[in-house]
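*Asks:* Reassemble the complex: the two chains are provided individually, in unrelated frames, and hints are given to aid placement.
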Amino acid sequence: MQLSFKYSVNVVLASCLFTAIYAEGVKVGPVDFHGELSQTFAYSDGYNYLGDTKHSFSPNISEFTLNGTYLFKNGIRTGAQMYAYKMWDYQEATLDWAYADYAVRDEFGIRAGRVRVPLGFYNEVNDLDDGHPLILRPGELYRKDYRDFTSSYDGGAFYGNVELIEGRLGSFDYHLGYGLLKNVNKNAPFTNATQDATAINTTEDVNFDDVQIYDLKWNTPVTNLRLGFTLVCVDDLYAGGKLKTASQLNNTCGSASQLPSSFRMSSAQWDVAMAGTPGWVNLGKIKVFVYGAEYTLDKWKFASEYMKIDITDSRTNFGLSPTQVEESYYFLTSYRVNDRLELGAYYNVFYNNVSDRSGQANYARYGQPNHFAWEKEAVLATAYEVIDNLTVKGEVHFVDGTGRVLSRNGENSNIRNWNQYWMYFALKTTYGF
Amino acid sequence: MLVSVLPLLAEGKRVYIITHLSVEENSVNARTLNKILLGTKKKWDSGGYVRIAILKEVAGYTIMEYSGVNEHRFIEHWKRLVFTGKGSLPKICESEEELIQYVNETPGSIGLVTLKPSPKVKEITIDKN
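In order, the protein sequences belong to chains A and B.
Residue 437, in the working numbering, is where the first sequence stops; the numbers in between run on with no holes.
Residue 405, in the working numbering, is where the second sequence stops; the numbers in between run on with no holes.
Bear in mind the hints are in silico, worked out from the structure with no lab data behind them.
What you are looking at is a predicted structure, and each value in this text was computed from that prediction instead of being measured.
Don't be surprised by glycine CBs; every beta carbon is placed ideally from N, CA and C.
Take every hint as true, because none was put in to throw you off.
Which chain A residues face chain B? A few, computed with CB under 8 angstroms, are given here:
1) D36
2) H38
3) T73
4) G79
5) G83
6) Y103
7) D110
8) E128
9) V129
10) L132
11) N165
12) K303
Looking at chain B on its own, in the form it has when it is part of the complex (with noise of 0.2 angstroms):
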């Protein structure tokens, strides 16, 4: 799946791709940012596993823009995955200080926030390539 269009807002804010400070990587094209957040890829390029962190109210916007579905297809599409045994349910939070501390405390997660990124997550872009 592809997501043609990537918009930096959603609902009028910016929304920030972050990472755990271990993660090499400083920006990711489309088309890895989808796979990464359906389960699809696995393993950061530079090592190590991704762990992914969403937020429970925004969801919607975020994972549809990002994703290519939207939040019940992406709910739906994890649950797939862990009752098969692929996968494990990204780590869902209630807000957006949540989801900074978890990616913070957890090596190779990433998530999405619109609260400019603190020096303890990493923030990386979308490559256009």
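Chain A extracted, bound-state conformation (with noise of 0.2 angstroms):
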């Protein structure tokens, strides 16, 4: 096992300064800043799974928040926070949220800027270390290499807490958002997890049309328990680029209809006469649905997500019209044992498509490992403060197919070899002010 840790000693390093001046925050005139800065490391027997992890203890995952509000006397809330990573070979810094919020009454408010998207229970939060024992959440939706897509929106939102019949049926906590998707770098995660999304064309562009988000959160007079329904609908994502090669095609574990003979050509055909032509796919309609509940009762947490993303009206320039539902969905319970030790565990199930959970119409008809289509992992997780805010989390993950797992860029190579069962280790260190 080789351990590379020079990159990830100097973050460790800068961290401990950095905490040790400002281990409860810091406040610069009226603002308030408070911030993380983390270092992960992966191991996988299997894949290069969020990083170099195959067979190596690699620093794969670097990242640091840092967020200031400021509330005006007139009651107007404004912040910001940035959010710098770097993950796999790619890093960025980002305005993760900015934006002016105007409570008017508990009932209703106002916000506008760069919005986070409130999906599901836990998005909003998904970078947010303190709090959780987990370092990679379960649920689709909360994938690392998918925050570029679903982590923020410039727009606005109506929001609010509306009691039902005076408080006896509990309250209900709503977010109605609109606004537009930022687009995403050519090379960032998003558009590599893209790339076998797609399959059949290269992503070197991503971009999407505007966001609706519907979000409801019931606080149930059960103290403590939450039941959460989330909708957001995207138009017309557009991934563009050109057409794979024959010989990529067949390393990309896409679904198999988009492989040359199911175009009725042969390898050297395709090559001729489609290979490294423009090849773009708009997925016209994404519907996410999230129904989630969590329950906390003194030092247990439970919760469970279902994350069902809908795809329709799809169009691509060289005939497919690629429909799917992908499906995912949790069982997560934490537990606090004292001041500084919790444990947690979840069990995380995921489908790339509904219609073909057994993988036998995409994959297995065409020679292709029937275990592209589903993820099923079972992880145990902890994590301990070893000092006031210096957590070191460790979790690992085993995993029953590859449906997460990228063929991308040769990332992971011969396809046709996966193994069906597999596992993951992480480790992460977090330093919170």
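*Replies:* Pasting the structure below:
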């Protein structure tokens, strides 16, 4: 097992210094600043997953978050958060959120600017390490390499908290948002993830049209029981580039319907006639549904969410009209043992097309492994606060299936020999202030 | 979230709810206090923005009693608000004297103490309704 620490040691030393200075956050004039600095290491016995992790203990993800907010005397709250990260060989500093907010009353407020997408219970705080023992949250939509797509939008929202029958039926929090998803850098992890999703063409340009968000959380009369529903509608996800060569297609674990043979061409014919010509996919309507429940009982927390991504009205410039319904769900529990130690476990299931959960129709029929179709994982996690504000986390994933393993750019080659069962281990240190 | 029982005694001591003198409310009900502590209720009915002060050392029993969640979940909840821009962390005070001084100096503020309130702050009660 190879241990490559050079980069990470620098990050950890820098973060120690930083945290020593700002252990309790920092107040500059009237503005409160808070943030986190973290480094993740990961190892897999099977695949390069969110980094060069195959048979290598790799410092695969570095993150730095810094936010500041200010409340004016007239009640307008304004603030911003920067999120900088390095994942795989890609690094970027992004404006995570930056908005002005005015609560007219508890029941009604307005928010405008760059706003986090309230997708499910945890998307808004997916990068926040404090308060839970997990390194990678379960659920398809919390994927680290999807955050360019799911993190925030430019626009506005109405929000508030409304009591039901004077609180006897609890209350609900709502967020009704509209705006534009920010375009994704062509080298960003999400773009690379779509290399497999679109399969037939490279993705050198990814952009979106508008997004509509409907999020409701019901704080039920049962103490600390919340139920949630989110619907996010995204129009026109465009992923364009060039059609891949036959060799590239044979090493991309997309649907076999996108192989040259499905177009009644030999590999040689494909390479002459099709490869290298412009190719694009436009996913006309993407609807994301999330249903969830969360219950906290003193030191215990239980949560479960069901997520469905429904893709319709799609078109391409090469004759296919890809439609599919992705599905994922998980069951999670965590237990706070004492002031320092928290344990967690979850079981997570993902299918990339509910019409072919077994992988027979889209993969096995064409000689590809059927386990491209799903990913099921059991995860054990722990977090230990070594000293105030310094937390070390560890988690191990026992995985069945390769539905979220990427073949993009040959990161994981020989796709027909992929193993169905594999393990992933991650370690993370975080300094919060 | 509702707090079903609101004992006025915490570890054998009476807990007083104090506010800045500018707060017009003389009482709050349990549900409102719960919403204030969790940041859901941002404004006083009489006007002005709510600012919260809590004691660092005794946060456990007071927070559990009045917000319905233990201190870890309470801080976790507030961190979520901070990292989404929806709120600022409550003022965390090292001593009751510091908390009383903060409430005395900060319009709209509210805090929980075991020291009998001085005239510098206002004591409000929990309305059983």
